[in-house]
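As you go down the protein sequences, you meet chains A and B in turn.
Each residue of the first sequence is one higher than the last, beginning at 1 in my numbering.
Each residue of the second sequence is one higher than the last, beginning at 1 in my numbering.
Any given hint could turn out to be false.
To list a few chain B residues with every Cβ distance to chain A over 12 angstroms, as calculated [to be verified]:
hint, residue
1, Y17
2, I18
3, I31
4, Y62
5, M121
6, E171
Below, a sample of chain B positions facing chain A; criterion: calculated Cβ distance under 8 angstroms [as the list claims (entries may be wrong)]:
hint, residue
7, K72
8, N75
9, L218
10, K235
11, A238
12, N239
For the record, the hints were derived by calculation from the structure and aren't laboratory data.
Glycine included, each C-beta is placed from N, C-alpha and C at the ideal position.
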Amino acid sequence: MRNKTKRMLVSGLAAATLAAAMCCGTPVLADEDPTEVTLILYGEESARMSEFAANELHDRVLEEINVDLEIQYLPWSEYAGGKTELMLSSGEKFVTYTDTAFLSKCVAKGYYADLTDVYEENAQDLLANCGGEEAFDTWRVDGRLYALPFGNKPNAGENYLLMAREDILKEVGMEDLKTIEDVEQFWTLAHEKYPNMLGLSRGGMNPMILNGAFDSDRNVYRLNGFVATDGNQPDSGDVWSFYESDEYKQACEIAHRWYEMGIIPSYVLSNGSQCDAEFYNANALFTIGASYRVYEYQDILIKANPNAVMKNYYLGDAATKPLMSRGAYSTAFAVSANVEDDELAGYVKLINLFQSSQEWVDFLLYGVEGTDYTLSADGQVEPINTDVLVDTWLPDNINFKRYPTWATEEQIATYENWNEGCIPQKDIGFAFDLTPVSTEYAQLQAVEQEYFNPMTSGIISYEEGYEDAVKKLKDAGIDTFVEEYQRQFTAFKEGQE
Amino acid sequence: MKRKTYMSDRMLTVIFYILLSIIALVCLFPIIFAFIGSLNEESEVMMNGFSMMPGKLSLDTYRYVFETQGSKLVNAYKTSLIVTIGGTVLSVVITVMYAYVITVHDFRFGKVLAFFAYFTMIFNGGMLSWYIVTTKYLGLKDSYLAMMLPYAMNVFNMYLVRNYFKGLPYELIEIAEMDGAGHFRILWKIIAPLSKAGIVTIVLFYALQYWNDFYLPLMLINHEEFYSIQYILYKMMANIQFLAANPSSSMAAHVVLPTQTIKMAITCIAIGPIILFYPFVQKYFVKGVTVGALKG
């Protein structure tokens, strides 16, 4: 009797566990037509986006290319790692965006599908509207294509520009910011008028905004945080350690002065979200610039202050140190490796569709005309619904650009001609393989955060912090890292020749 | 007989009260700060930062959060409640039964089961194999069960209950067996009622674990209808941290952050139920942990 009870108890437990496990497994029905596609995006999904993705967008994609689209959102922390990498390594089928560093890692591990044989047939609109074969070359490894460039916007000098409040600049009687002295004079005048207003805010201090103003012949291009090259020497493969350079010393000296003047807030490193909040509340003068960010930021700022106007400034002479462009893409979409054959074609068709016409870009960005937005007589968008659908930066394409109602003719002309006179970045098509120096890289990042970031932001002066910081940098293996970078970059340049 | 109270005892008691009050204040401060922060006006926070004594208290942030994300938050609350209640019941039943099986002497596989449980405390298969087994073989994805079954039995909690059971006189089981009681009757009619403090302790442990969990939703939930309140909070904080860690990255420039007071309001909304629930089970919680530990 007792044995029977025990057996019942044990088998009961086992059966309950098994039944629970089985009942929650959703059976996947074989459904060859239409193609099921999962698109992973990052950030927050607005209420309207949830509804839009499940209904209007889903139905229209299904009707147009016979793809059954599902959009899923992950937190930004999972981008290029975390759950994204877990999903790639476990063989899940999806498409998401990537960057050159993550692409190189994923291709080495076999996580991405090879798109070479399917893109010509299924991505004609991307080829036509997103920068042509040149843009596709960035996403090739050993001649094979692993991601589809997406978007098309003039972006020369991205993160190498200072964006400032043009309305206040004019208010204090100034016209332009061309030098470090101009910036300091603007701050002094603006600070007298608006003592509570912050200086440099969102994004903190980036030494590259000072590139044009460095007393140096080199047009410094940072290949990554630690390695730089001369952008004006397209054929040279020479790289050097950025933190040990004279340009970095000059950047630190300027940053420290700005910190002491109050241009850089004391909490720039410790409370970045406060800096962001101040910026979005139109209570800051400067941020790190990029051509397209004028539209992203001013759109937010005018809600707090309708007079706010943002403009990009290059602190230097573009004739001697021209702005560098990485290519016109916003991002690139890569497909997980388990997606094959006809299914892969469906994935490529979907990405292609999103950049195929003005109608589709409008649909993704603004939703349904009449429900989510209306168009004015001059083609400008007047939103009805304020919820964000797909992030504005993602499908941004100069061929299908709709300017906001507040954009002036001057702003539009500046944006459309932004890339004139720029030079291409030297590393287009190059993806550094971190594997041989992954340990050094992890250690260098820790040293950068602890020792160099306070100097970069001007909190610690160069004289005070450099000696200790560079010793730590050496201990962490900067020489090995630069040597490996040099080896791979030289091989890349030789291959180009 | 009246016990004599010494002056030194009274002094010591006063010192203890003062010390405990300071520690309690230190623990309470972040919660009070978050609550008052959520009642600050956004414009005032922008100008002067957070203040424990704001010029004006405002419910605007809560109004905004519920107006814009109301349906999401209500749904997330529902998910968190279903998972917490369902998961806690499931876990407590499995844990108590498992602990009973390895406590009673005459179960043939008792020792093997004890070893299986213990083994998982030392070794595990790693994240990738766990993810593949959970999602591909068990199909645990986008369902309430996906947020319960992986946590169905916590080995630490099981040993806590086992230790509690071991503290009871074994003769109780033997006498019940002699009187003809089966194992189910012994467990639910004799052992469980005598172990109320231990079981309530693991109820609290499990309830806290399920309520506070954001890891399983992150790993196994892709559809918004199954988002829990903690996962919504985690997503918000993860976006902020990503920006803090990569201030200059091109992707970070695209992260849109919630305002300061919204962060505080969502934090208060997420921790509210636990704060209300905790005082009712606190006495069992302290007793259960102490007894379990002493008998170990």
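Comparing the hints with the structure gives:
1. Y17: Non-interface label on Y17 of chain B holds, nearest chain A Cβ at 36 angstroms vs cutoff 12 angstroms.
2. I18: 32 angstroms, holds
3. I31: 20 angstroms, holds
4. Y62: 17 angstroms, holds
5. M121: With a cut-off of 12 angstroms, M121 of chain B remains clear of chain A, as the shortest Cβ separation is near 19 angstroms.
6. E171: 17 angstroms, holds
7. K72: The hint holds - K72 of chain B has a Cβ within 8 angstroms of chain A, the shortest such distance being about 7 angstroms.
8. N75: N75 of chain B check fails; min Cβ-Cβ to chain A is 11 angstroms, beyond 8 angstroms.
9. L218: 6 angstroms, holds
10. K235: This interface hint holds because 4 angstroms falls under the 8 angstroms limit.
11. A238: A238 of chain B check passes; min Cβ-Cβ to chain A is 4 angstroms, inside 8 angstroms.
12. N239: 5 angstroms, holds
The structure shown violates just one earlier hint, number 8.
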